[in-house]
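Number of protein chains: 6
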Amino acid sequence: MTAVQRPGQRAANALRPVRITRGYTMHAEGSVLIEFGHTKVLCTASVEEKVPPHKRGSGEGWVTAEYGMLPRATHTRSDREAAKGKQSGRTQEIQRLIGRSLRAVFDLKALGERTISLDCDVLQADGGTRTAAITGAFVAAQDAVSRLMDAGKLTASPIKDHVAAISVGILDGAPLLDLEYVEDSACDTDMNVVMTGAGHYVEVQGTAEGAAFTRAEMDQLLVLAEKGIAELVALQKAALGA
Amino acid sequence: MTAVQRPGQRAANALRPVRITRGYTMHAEGSVLIEFGHTKVLCTASVEEKVPPHKRGSGEGWVTAEYGMLPRATHTRSDREAAKGKQSGRTQEIQRLIGRSLRAVFDLKALGERTISLDCDVLQADGGTRTAAITGAFVAAQDAVSRLMDAGKLTASPIKDHVAAISVGILDGAPLLDLEYVEDSACDTDMNVVMTGAGHYVEVQGTAEGAAFTRAEMDQLLVLAEKGIAELVALQKAALGA
Amino acid sequence: MTAVQRPGQRAANALRPVRITRGYTMHAEGSVLIEFGHTKVLCTASVEEKVPPHKRGSGEGWVTAEYGMLPRATHTRSDREAAKGKQSGRTQEIQRLIGRSLRAVFDLKALGERTISLDCDVLQADGGTRTAAITGAFVAAQDAVSRLMDAGKLTASPIKDHVAAISVGILDGAPLLDLEYVEDSACDTDMNVVMTGAGHYVEVQGTAEGAAFTRAEMDQLLVLAEKGIAELVALQKAALGA
Amino acid sequence: MTAVQRPGQRAANALRPVRITRGYTMHAEGSVLIEFGHTKVLCTASVEEKVPPHKRGSGEGWVTAEYGMLPRATHTRSDREAAKGKQSGRTQEIQRLIGRSLRAVFDLKALGERTISLDCDVLQADGGTRTAAITGAFVAAQDAVSRLMDAGKLTASPIKDHVAAISVGILDGAPLLDLEYVEDSACDTDMNVVMTGAGHYVEVQGTAEGAAFTRAEMDQLLVLAEKGIAELVALQKAALGA
Amino acid sequence: MTAVQRPGQRAANALRPVRITRGYTMHAEGSVLIEFGHTKVLCTASVEEKVPPHKRGSGEGWVTAEYGMLPRATHTRSDREAAKGKQSGRTQEIQRLIGRSLRAVFDLKALGERTISLDCDVLQADGGTRTAAITGAFVAAQDAVSRLMDAGKLTASPIKDHVAAISVGILDGAPLLDLEYVEDSACDTDMNVVMTGAGHYVEVQGTAEGAAFTRAEMDQLLVLAEKGIAELVALQKAALGA
Amino acid sequence: MTAVQRPGQRAANALRPVRITRGYTMHAEGSVLIEFGHTKVLCTASVEEKVPPHKRGSGEGWVTAEYGMLPRATHTRSDREAAKGKQSGRTQEIQRLIGRSLRAVFDLKALGERTISLDCDVLQADGGTRTAAITGAFVAAQDAVSRLMDAGKLTASPIKDHVAAISVGILDGAPLLDLEYVEDSACDTDMNVVMTGAGHYVEVQGTAEGAAFTRAEMDQLLVLAEKGIAELVALQKAALGA
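Chains as they are written, first to last, in UniProt numbering: chain G, 1 to 242; chain A, 1 to 242; chain H, 1 to 242; chain Z, 1 to 242; chain U, 1 to 242; chain P, 1 to 242.
So here's chain G without its partners, still in its complex pose (with noise of 0.2 Å):
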């Protein structure tokens, strides 16, 4: 493994600098501004009290979610996706990544028939943007369920673990944690991690982009996906006052 000079100096192993900010805009149910280094995600939990036709009369709620990025979030202008009139494979990719994974920590029993929509929009973008946006959503979807049983409306927390992500990835040969965009478009792998705060994966996507990875590397990566969120449950916790 070689050493990698990276922005900042930051080591190999270390996070971004991670702000949380809750109740970031005033009308959602949960609104959370989650920023890794220079990547701003804001994360709103939308309740509706119905759930979509799947589940209609099933007694069960869903969790779902959608991602977005403003157009100059980025270096270069991208086209508006609703001036497009649609999706990018890209984006659609990554806000099922999301709903998936915070539907993984929810007990959609317990939510009863209704919904939270988990919107994530990418203000500023520097690398990370979906491993920030899931971990900013956990918050936002945590304190609309707060709401919910200050209201009354729910007894127990649907919620049964903390859930939350970070990218990895091989540069130059050096393992590396949290990729910005320099590096992330530099690398010869890019890994996407979700954990619980147990320490258990929701989903693991790695890419080679240039060469293909080693067992030897892949099992680095996940040794330093497991350190990085370790820290950022902590964070969450932190930011949630628990």
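Bear in mind the hints are in silico, worked out from the structure with no lab data behind them.
Check the hints yourself; a few may be wrong.
For identical chains, the list gives no copy identity; a pair is met inside one copy or between any two copies.
[What the hints assert, rightly or not] For lysine-lysine, the following BS3-like pairs were computed, each having C-alpha atoms within a straight-line distance of at most 27 Å:
1. Lys50 - Lys84
2. Lys160 - Lys237
3. Lys84 - Lys55
4. Lys50 - Lys86
Let chain G serve as the given structure and place chains A, H, Z, U and P on it in line with the hints.
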């Protein structure tokens, strides 16, 4: 004219507190968060060294705008336009208005064959999003032009004057400046006025939501709007340090 | 105010010849061909005994409008919106304006739970299509209401007043009534005004196409519009044999 | 063959009254209102000095058609295709038929690299809209070609022959020419026939709506169609003053 | 009539080798691979115990069809319609034809309130895909009906007769049966004929691709088609073991 | 690890019978039917002598993939994506995965400025369609490359290694190789693994459908996948006669 009790004891002819934050995000050539009370709109200006087909080879530039609202910027969640696959008539109407308003103070010849795209995204809505968007987009555009001049790409500014916008309306018979959401949804007449720094009209869009309005009422509204826009132009100048 | 030479020696404050032909097509409950000079718009009113979702069970009816232009209504052929798969922003803006204008003179409670759909299709365009559409749609709506009354489905008319519309503008410094295409495409300011038979405003939409306009100019335009609309209302009455 | 009572005592082998009005609108190179009884179709021919991609550089021109129906051309209002965002299968089938029929009598080489677009818009429908459209579009195309010749852009006509179309059908066992709506919706077999001035077939489209039809019935229908088309070609010639 | 040399020395009035393979895929209630020479179409029949809105509560069932072509079923790859976001006019025309043809031999009352959906997907194309689709869809529909009868959901078959289809055309003056691709793309006239087992016509669609065709030519084509369809019906019966 | 009874007494670490049929259809440069048990996917490779815009002038080629499922490939009929007008998020996710997987073993420089399009269409689904698609698409791509070499368009193969894919999962606590549908829909964890012939990872996508999974479980799954992929690569080689 009857006296109407406004939220926060606001005077009938008073703006809400206005805040203009430049450099709100880091990638765009101009990035301004503008707040009219609880209404928050992120306005970015992006410069591209090319023009749309109808301007190619003309020696002139182009200024255009797009408008969006995050799904939970409002009291109840609205569907994401990117997911629905089309922009609503309201969205298109507003973004056409923003574009025309900004072009009114631009000398497109002096801009040269480049495009300034103004993206106005509502993070939180409480009435007046389109007028905040125009007022903020002007500041973002100014910052983008300053960068072009600093970079030596322009020797003289293509911006001929300030442009700002405000809403006025009649609620229970009383003319009011800068309607917030609860006023806007209850008023009889709603008018959006766009004016230049010189005090000339760029756009006047008045709509009777309830009873049709008289010429005398229109005159009252225009006076209010003129006052409000003069204040907004002063705030733009202060924000720009001019 | 300078004197401008208008096509056909028309006076600055004169309408083009207006013709209103009722019963132009046979199936619709109201069917009116309205001509403002060479501009020809077919306005049909269709009655359906049901309302859109947002009015169901409200006891109120709905009035809505759609606008279209035949591909070769204009000098050069424009693409068919049905073939392109979407209506332009301009089309949506106009049909929303027509709908609001007609609803301004309707008592939706008195209409009962039924919908009147106004289809305004431009057969030939020479400026002023949206104002002709509003003025003609009123007559078609009136015919449809008369049928409902004749059929005993309504005992009192839900129509509270006339509504008509006209464009005014400033060309080479001169305020002009009822712009035709060559004037419209060259003018500095273009204003569409919608008023009731009582002389109150329903909509005012003024746009500086070139230089911004002054309050004095706006006042001149409003006076011209008021004159034109009074004449249009008289023509509506004559056509309706009232 | 049983005797069937037709509306207006029309004979089984009689066309409805046909009217062809040239110059119906002013902008198009050819503009024809064609009426088959109550069916009214506006056919415009637009000339553009370019061809679609598959003809570029071929030295050949192109002839194409689009078809539309105003929402209230029919007994009950149908949704506007532009608002729905797509053309129905029926619309596409008809406009493909019109295009093929017109191209059958055009020498595309002689037309040169230009396009003639035929827009056929139904103002009022009472059966037979597609056959009226083909018959009227031919006259509009002829007018457009005459203009090209008058302007010296063409020295010889690219039109090789007339083309016209008529519907025939079997109702209660009786073969009928030129079905109107009440007949069309009740008939067992419906056939649209497109023929040249020389009496040759361009298209035959027969459909059993109810019972399948026999060879003998088809022969009867073809005889009727031949008679009707010969009359339509004569009417085209009269309208064109040939 | 001149003699034309066909690929493989095929006689002018001969079908290509036809193969009908039932049970080609395992999930559908009817699944048939039909081959007309190199043309291979997979026809599946799916039964659903519900009907589309226009049939609800009518006591009648519905039979409908969809048609698709794999992107590389043809000589050069064509764009995938799902990726383009719309079905071509040709696709819609063909699937409407298949649906009408099958409905012609169904007693929808006897089918009861259920839907049979026929999906015809071209795996390999060499001319005649629509006629193969109709011929194969009949067999798939028959299998689906047999299952309904075996399951006791139907006591009498709603299928009144066989239906099959073939193309005929004129190439270099010679009438030919069952055109393959090289013939189809070169022929002057192309006609698709759909007939019942009783030898009556369901659809006749003849198109002059080059020169218009005479009545005598049409008669020759109809004779050829009748011969081909009689053979196809015999092959359907053999495949069904009837 | 508990023992699970698999359909057909299959061992936990056994693949289903795999069949690879080359030359399945006749037009494509590569055409492979791959079967994993009852799952049947037709993979075609089409070569075009041009590249998409982002590669033009780069000297590099492109490899891309599209995925589709026939409507009745599954137990119950699913809507046709072409008719719905859009590809689902699942479809896009899968086709992006296939494209990335194939590009991982291609030297795009060596391919030259041409595109290989891989169309993977599921004729019959029983679990594992995306892994069958990747494994079969490799063989089709190899055939297309061989044709280019035989034609002298390439002197050296741009394919650097084999690539194949398999699914693994945990069902009732037992790790299983190559899940079929009944297993896939019941399992707790589902992982798709894409590896090269050299045994390195191209993609790893693990999802907890039910309970989150542990590191120990992931390790077991990766071992199973490695075994399965080694067997698939051997089968690819056998099919290619290498």
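Do the hints match the structure? See the list:
{"no.": "1", "hint": "Lys50 - Lys84", "verdict": "between (30 Å within a copy, 19 Å between copies)"}
{"no.": "2", "hint": "Lys160 - Lys237", "verdict": "within (14 Å within a copy, 48 Å between copies)"}
{"no.": "3", "hint": "Lys84 - Lys55", "verdict": "between (31 Å within a copy, 21 Å between copies)"}
{"no.": "4", "hint": "Lys50 - Lys86", "verdict": "both (26 Å within a copy, 24 Å between copies)"}
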